[in-house]
Every structure is written in C-alpha cells, then in structure tokens.
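Assemble the dimeric complex from its two separately framed chains, guided by the hints.
If you read the protein sequences in the order shown, they are chains A and B.
For the first sequence, our numbering gives the first residue as 1, with consecutive numbering after it.
For the second sequence, our numbering gives the first residue as 1, with consecutive numbering after it.
You may find that some hints are simply not true.
As the list claims (entries may be wrong) - Here are the computed lysine-lysine pairs in the BS3-like style, where the Cα-Cα straight-line distance is at most 30 Å:
1. A/K133 x B/K8
2. A/K53 x A/K144
3. A/K195 x A/K107
4. B/K8 x A/K72
5. B/K8 x A/K107
To be clear, the hints were calculated from the coordinates, so they are not data collected in a lab.
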Amino acid sequence: MSALLEVTGISVSFDGFKAINNLSFEIGPAELRAVIGPNGAGKTTFMDIVTGKTRPDEGRVLWGEKSINLLKLNEAQIAREGVGRKFQRPTVFEDQTVTENLMMALKARRNPFSVLFWRPSGEDHARVAAVAKQVGLGDQLDRKSGELSHGQKQWLEIGMLLAQEPRLLLVDEPAAGMTLAEREQTTALLVELSKTRAVVVVEHDMEFVRRLDCRVTVLHEGSVLAEGSLDHVTSDPKVIEVYLGR
Amino acid sequence: MKPGFIAKNPSVLIFILILALFTLGVTLLSNAYGTGFVSTSMVKTLGKTLCLCLIAIAMDLVWGYTGILSLGHFAFFGLGGYMIGMWLMYARTREIVVSSASGALPMTPQELNDAIASQVFGVVGSSQLPSIWHFAGSLPMQLLFVVLVPGLLAFVFGWLAFRSRVTGVYLSILTQAMTLALSLYLFQNDSGLRGNNGLSGLQNIPGVTAGQDALSVWFLWASAVALGLGYVLSAFIVSGKFGSVMRGIRDDEARVRFLGYSVETYKLFVFTLTAVIAALAGALYYPQAGIINPAEMSTVASIYLAVWVAIGGRGRLYGAVIGAAFVSIISTWFTGGRVPNINLGFYTINWVDWWQVLLGLSFVLVTLFAPRGLSGLIDLIDGLRAPKRGGDPLGPDDGALQEKEAEA
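Bound-form chain B, shown alone (with noise of 0.2 Å):
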C-alpha cells in the first residue's frame, strides 16, 4: 500500500525519458558521432542549456518552493565555473609550457611554475602566480572547490543573513548586493583571476586529444546526467516532509516555526545546498562556453535567472526547467541575427536590440495573465485548475504562492 517514489512522482519519470530521448537524439545528429545535421556550436547551446536548466531547478527550490527570492545564485554558478576554469587554465599552458620548452634540460618545477605564471597572468602585467591558484594544478582539489567555495559562501551569508531574519525584498537586495560585490572584485586585475579578461581557452579539456566535434557530445550528456540526478534529487528533496516544511515556509514561516521547525536552519540548508547545484551547473557550462569573466556574474543574470523560473512556473520543477529551455533557446535564436527583421517603413525592428523588450514584456504578460507560466499548458492537458479562493493568496508572506498560481 506504499506507493514508490516514482509512482508519487510521474513527472521524474516522463522528465528522464524526455531528456535521453533529447540527448540521443541529438547524439545521433552531431557530426561526432551522427549525420551531422546538428552543428557542433549548436551542441554546445544544447548542452549549455541543460546546465541553465539545473540552475534554474536550484532557483526554484530556493524561490519557488522556499519562497526566498535571491538574486545571486549566478553569483555561484559563476564561481563554480572559475573553479574549474582555473585548473583548464593552468593544465592546459602546462602542456603548452611543456612542449614548447626548447632547452636540452627539462624545466625545474620553479621554472614551469614560472613560465605558467606569466603565460597565464601576463595579460595583467604580472608574472606571479597568486596563491588562490596553489591548488591549481590539481583536477581533484580544484572540483573540491568547485562545491566548497561557493557553498561556504553561501553558508556564511545564508547564515548572516537568516539569523538576523531578513526576509523578502530586503533579503533579494542584500543577495543581489553580494553577487554586485563579488563581481566587482572579480573584474579587479589584483584579484588574482585575471581581472576583467576572465578566463580562456576552457574548451581545451588537457590531456584530451578528441577535437571539439565529439568533446561537445560528451559535455552534453555530462550536462544531462547532472540535470537528470538533479532532478531526480530536487524531487526527492520537494516529495516528502521535508518539502512540506519548505512550501510551509514560502507560504507562513511563523507558523512554520511555532510548530517546532527552525526555519532559519532550513532555509540556511536549502540556500546553501542549492549554492551547490548552481556551482555545479556553472563548473559544466563554463567549459563548452569556453570563457568565463565576471560579467558573467552581473546582477541581471540572476534576474534571468528568475524570469526563467517565472515564465516556467514556479513551485514545480518541470516548470524551471521548461521556463529555462524555452527562454534560452528563444533568446539564442533572437540574439544569433537569423530571425528576419520587421520592416515597419518609417522604422526596423531589428529583432537582437528588441529581444530583450520582448522577454521582458513576456514576462510581464505571464504575471499578469498567466501566472502558472508554460507549466499552465501542462495542467491544461491534465485538466488540473487554480483553487477558487476569491483572490486570496495561500499565505500571508511576502513569498507565498498566489492563488492563480497554485495547483487544484
């Protein structure tokens, strides 16, 4: 009589088998290992997608079920891509260091040190490795950093900041304060991350010989094997107590907390460990993105990152995921100059300029009339209808879902 986890949740199921379908399918069209009707560029936007889709479940676990609204959870994604930007950097002029070294003695370890040191940093003006990059040398430490830095970040604001109760627009702006911080500090030459030259040349996987054609592949299921386990986990986490706890918390935190529950403990778990997702999702991206520098990290992504999640549906994690696809997919087609401009006569609408007025009308029109976003569509064909509440919302913080949004 104990319905299993996959039985409690359909959509993990459907949601698996749409994402090998996908990742098979366009597997079976790259020119690596297929017809080549896929280019390898567009594999690579494929499989950036899918990591902008596992932060965007991270953004609704956060937002959409725990009701905190943060502005900086590209903040991480960012740092997890420096992480491992910084170990594709360092190994990869190693190997160039290395076998463009034209002396009959093999370099002593100070001076491939050194060599490194200035290939990496001469961009700068400086020939000294910093000593963030101690670890840099090393795949297993950097990884560890990939998960460490920012959930420690994470962890110590999550901490500051949910102790002293801050809650709602307050909250969003002291995250988005952080994420400003951040990336202005990275755009900084001394900062020890090569300023506002950010980090290159990540494509290059050292000690890979396979060209970008079958690397794009493999990115691309590395990317759908970490959506899938993270969407499988975000279930997991959303299907039981634990869950009611957190839409407990999005919808009336005080009751939350006289029933025992310490919501500042779970809130503090919930950012940090979706901090983590965000690193992860960004430590995959930033290699088939092939550059990462702190614009990256501007307080609008992390905007975006929550009218994706908007434009999907918020509360459910399919709805991150389509809102996330959907968006992206859209605005690279836009922002790529093939979609043919409007001529109005007197004036053309040159569709990479307003593309953004577009999203962002979109996204005013969903709030408006559509408050179930994309998702919406799927209750339509599971006949599912918002609860009649005469308007009231289903609780009464700042988070709580509002009653067009809500499932019946």
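Extracted from the complex, chain A is given alone in its bound form (with noise of 0.2 Å):
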C-alpha cells in the first residue's frame, strides 16, 4: 500500500526554539491514526506544516499517487487537493446560516468567477441537508451557526469537513467540549470516515484514543518517539518516562 501523505525529515524551528525536530511520517489512503504527545511535542505544528500554515526549514512532505511536493502550496491550494482541517476551536462562520456555512464548504470549483455565478442545485442542497442530518443538525439549517451552542459548533465544523469531502482529515482535539454521548458518536464517526479516506486525530485524551482502536503515534519534543498499537506504545519504556515523568 503506497502511502497518501509521505512527510520526510521535517524540522522547523521557532526563535531557535526546535518545534519539530526532524520527523518523519505516512499515512495510507483509508486509514486512521492517532497523534498523541505531552503539551509542546509538536501536534498542532506538525499540521500547520501539512497544510501549509508553517514552513519547514527542511525535510519534504510528499502528496498522492502523483507525489505532489505540499511544501510549494498555499493553504488554499492544499486544501483544494484533499486536505481538510478541524480545529481545537471550532471554528465556523457565525454570522451565516448552517446552510451557508455547509454550502461554503461543499465541494466545487473555488475560483472567484465561478462561485460569483454558482448557485445551489437540488442536489446541492440534497447534499447538504444529508450532511446536516448526519451531525445532528438536520433542524437548524436556517439559524444562525453563532446561536449554535458549543458543542453542535463542532458539529457543524465535521459537517462542512464532510461537504468538503476530502481526502485526508486532519483533527485537531475532537473531543474537547463534548459530552460522553457525543464523544461516543465522534468514535463511530471518525472510525466510519477512515474506511474510505485517511484520518489524523490529535489528542491527548487517552480514553477517546483507546476507543478509537488504531494505530498510534507518539510525539516527544518534535519528533516521533514510539508508533504502534496503543498497547505497544504505552508498554514503551520511553513513552512511560515521558507521560508519566521521571
């Protein structure tokens, strides 16, 4: 199985300050993962860099059958090829409808011309009450998304990710903010995804990680420390040391 996203050697330093210290990482086109790490091991730097929010002073991050260098992309760009982002925050459109923020996000040409002279056809709007329907909003298309309470934002935001229909997913802490219940549905949910599409999730809730029963891969001052099973990976006497401190 040929990897989706090959990511060689990368490192990045703030302020001399070394972020990401020279990791490496792949993942393959249906498959999820699980980034994990304490505070400060590069998380979220490691997905500034895949999607182009942050440049790396060295290493390659490889893209697609066609081995697309992601590093000479803008954010826009690598967006465009398949790589959706959610963040910690969730971060909608407050001031637009759930309608209008699912519509952004659905998938179709993103060039000013024709979005000027695009406009929703019964399909489309088929599409987005069904993604609607599937994170639990299938009632609040018309309100406001700045009214939605804070969990049903981060719906909203898995939602405009789904419209988006990429081909990696980027996850940034799904679970925080949200109830048991809905914890429980965002495993159902990511574990489904996975089955046609590469999933990322970072997280420090180890619970929600056991409960999403894949591969994991351990973060440690910018570098990769340990990958495997969960078990594997906490049974690691590094991982130990540095979870647990010395």
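Right, here's the structure in full:
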C-alpha cells in the first residue's frame, strides 16, 4: 500500500526553539491514526506544516499518487488537493446560517468567477441536508451558526469537513468540550470515515484514543518517540517516562 | 421551491422603488421639467448625493462585507472624474476654439491642437498637450479609461498588497499612502492634469445645447440609474456563495483559506471591482460638480467614506446608501450657512465651522452606542435584534463584525 501522505525529515524552529525535529510520518489512503504527545510535543505545528500554514526549515512533504510537493503550495491549494482540517476551537462562520456554512464548504470549484455565478442545485441542497442530518443539525439549517451551542458548532465544523470531501482529514482534539454521548458519536463517525479516507486525530485524551482502536504515533519534543498499537506504545518505557515523568 | 432573486432580496425592490419615486419627484419639481420648486443647484446636489451613495455601496462591499478598510476609494472616484473631465474640457475647448477662429482658412489639425493646448494649459504656463491627453478628444476612449485606469491601479496595488498578506490597520495605512501619493502627484503642474487648478468647466457638456436646468435633471437620472444598477449588482454579488466567502474573509480569513478558497484572489477581485464602481460614480459626479482638483482626492475624503458607511451601518447595502445620503445632505445643509447660529452669550456657534465637530462626535457616538447605525432603525421596524453573544465578535479578524453590528 503506497502512502497518501509522506512526511520525511521535517524540522522547524521558532526563534531557536526546535518545535519539530527531523520528524517523519506516513499514512495510507484509508487509515485512521491517532497522534498523541504531551503539550509542546509539536502536534499542532505538525498539522500547520501539512496544511501549509507553517513552512518547515527542511524536509519533504509528498502527497498522493503523483507525489506532489505540498511545500510548494499555499493553504488554499493544499485544501483543494483534498486536505481538510478541523481546529481545536470550533471555527465556523458565526454570522452565517448552517446552510451557508455548509454550502461554502461543499466540494465545488473555488475560483471567484465560478463562485460568483454558482447557484445551488437541488442536488446541492440535498447534499447539505444530508450532511446536516448526519451531524445532527438537520433541523437547524436556517439558524445562524453563532447561536449554536459549543457542541453543535463542533459538529457543524465536522459537517463542513464532510461536505468538503477531503482525502485526508486532520482533526485537532475533536473530543474537547464534548459530552460522553457526543464523544461516542464522534468516535463512531471517525472510524466510519477512515474506511474511505485517511484520518489523523490529534488528541491527548487517552481514553478517547483507546476507543478509536487504531495505530498510534507518539510525538515528543518534535519527533516520533514510538509508533504502533496503543498497548504497544503504552508499554514502551520511553513513552512511560515522558508521560509519567521521571 | 426556488425563491427568485427579488424574493430573497426584498430590499432591492424597495430600494429601486424609493429611488424611482425620488428621481421622478425631483424631476416634477425641477426648473426644467416641473414646477421649479427645487432649484437647479439643489438638483445637482441631489444628483451628486446619488453618486456618493454609489461609492458608499462600493465601500460597503470592500469594508462592510470583506473587512478591508480601504482608505483609498476616493482616489479611484477622483481618477474616474479626471478621466471624463479630460474629454469634457478638451472637447469643450475645441468647440470654443473652432467657433472663435477668425481666419479665412479652416485651422489645420496641428493648429487646432496647439490652440486647445494653450487654452487648457496656459494656466500652468505650458502650451504643450501632455501625452496622457492623446485620446482626450475621443469620448469612447476616455470612457474606457474611466474603467481601465482606476481598475488597473487597484489591481496592481491590490495584487502587491494582498499577495504579501498585508491586513488590518497596515492595509488601511497603505491605501491611505497610495491616495496621498496620487493626490500629491496630481498637485504638481507637470503631472499633465493642470496641477492644483484641476479641471474646470465640466458642467458644460460639449455638443449639448440644452441649459443647465435640463442637464442637471439628465444627470440626476443617469446617477439614479447607475446607483440602481450598482445596488442590484451588489445585491447579486453578496446574496450568493460569493457573498458567503466575502463575509467569511471579513470574520475569519484563515478558515476560508483552509476551505480551499484563495483569499488573496477574492480580495483582489472585490478591491478592483469596487474601485471600478467608485470610478464610475466619480465620472458621473464631477460633471455635476463642474470642477475637479487634487484636493478632492485627499485622504480625508476616503475617511469620510468610512464614516458614512459606519453611520449608515456596515455590512448591509442599504445602510451604506442611507449613511451617505443622510450625512452628505445634512453636511450640505450645515455648510451652506443656512442653519441658524447658536448664540451662547459668550460664544456664537457657527455651524459652518462646528459641523465637522458635530460629525466627528456623532461618528464616535454611533460607534459606541448604535453600532448598527441608521439601519438599526430599520431593524427596529423589522423587529430584528442583535444576537446575544456575551460581547464576542463574530470572528477573530480585525475587520470581523462585532456582536452589536450583526443581525439576529
């Protein structure tokens, strides 16, 4: 199985502090992966690099069958290649309705002229309704998203990611601020999604990671400390040392 | 089950209706076509106000919807005025030169050209027609320049600024610097546009024998049509997905980027389009004003523009129109010296001087206490209230809509 995303030897430092240090990472086209690590391990910086927000000082990030160099693309181009990202804090467009948020995310041409003359077809409306239903917002379509509860905003953002139909989903702490029932729903959704696409979940809630039941990559001080099943990595003495302290 | 464009934008129909009634009403009260209740100079003022409403819509698109606080749109407005002014002045001077030619033989093109040049540029001590006046004799070319010159300037400026991701206050300062530079350049006599004299006599339309009474009404209609079209176009732009993206950029541009939209391209598109709208407004404004000089393009003018939109309520098209109309008409009233002075005994408040203070104060008060501006009154009628967000703005960006500005 060839990798969908191949990150090789990236390093980046901010004012002399090495946030990412010679990190390599690979994920297949239909795989679920959890990335864990203590605060400051470089989890978010890693996502920033893949999505084009931060440029690494060295290393390579290759994407897809044609091995496109993502480092040469900007954020919008990377998103159009099929990398979707969910942020830690829910970021939806609060001044706009649930429908407008989802319509904007819906996979379609993104250049200004196409967008200017784009009007939703019946199919698009159906797709938006289906996505909204999937994330439990089926009866909230006309509400301004700013009025939704925190949890609903999280779901709306996940819905926007679904509408985008990415090939790789980067999810930053999806369980934060969710109730137990919502967490279970989220886990089920992520597992389901990973059957058709690559999903990377950054999380430091071990219980949540255990429920995902997938390969785990442990980051520490900007590089990979261990990789394997959760049981494998948690029995690794280096991981124990990092997590439990000396 | 698909609502039409008008059904989704009820304000368009109401707006067009009010605009049509207003224009018709003024026509029926004008000197040329009606009872003469409204003086010709008042008709001109109203026509100019419509042009200001049009540039306010442009400002609302770029600031209210996209969050780019441009302080340069009056530069584009002025440039549009200069482009049409060049033709007006050249063609008018040619008429005068030809009619006053006394020789038995008709003038050669070279003689005609020289005569026009010395007439137009005598005031700055030159008798050469600068090369930028090459097409001044051709109305179609100058009309094309009304769109092309400001459009190109906005495109190049925007491309440079947005590509390097200059945002917020820094972008505002940059646009202000551009306006200042342009205005200072035009103040020079050798810039080819008559320095601080500017272009004058623009109210006389070459080849038209009708008097100012009739002309003023024609321009009122032209301005009304332009404003109506501008409103419909803007409503079309902001009502669809493009409008969603614009508002997204205003509130949280990083998020829009991660959805795959090229934020820079969108900003450039909006900036250039609104520059062209501003230029067209200027091209209609200055023939009514009769004179244009570089002082019109001062940075203060563009700040006024932001004040109008803020007082009207940004992020809604009718807000911009209401703000521009209200403030500029009140301003005409105050500065016209017709408002009675207030005698405090120890000091007399002369409104011609104190009007600016009043405007500044009302801007501060609106920002503090009624962020939705005058359109807040319309919301009151509609029964809309601001969303309760505990004081949070609707997005992390500088230009993001604030809680109190938003519609529920």
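Requested in this report: Kindly indicate which numbered hints from before are broken by the structure, ordering the numbers from low to high.
Outcome: Hint 4 is the one this structure does not satisfy, whereas the remaining hints hold.
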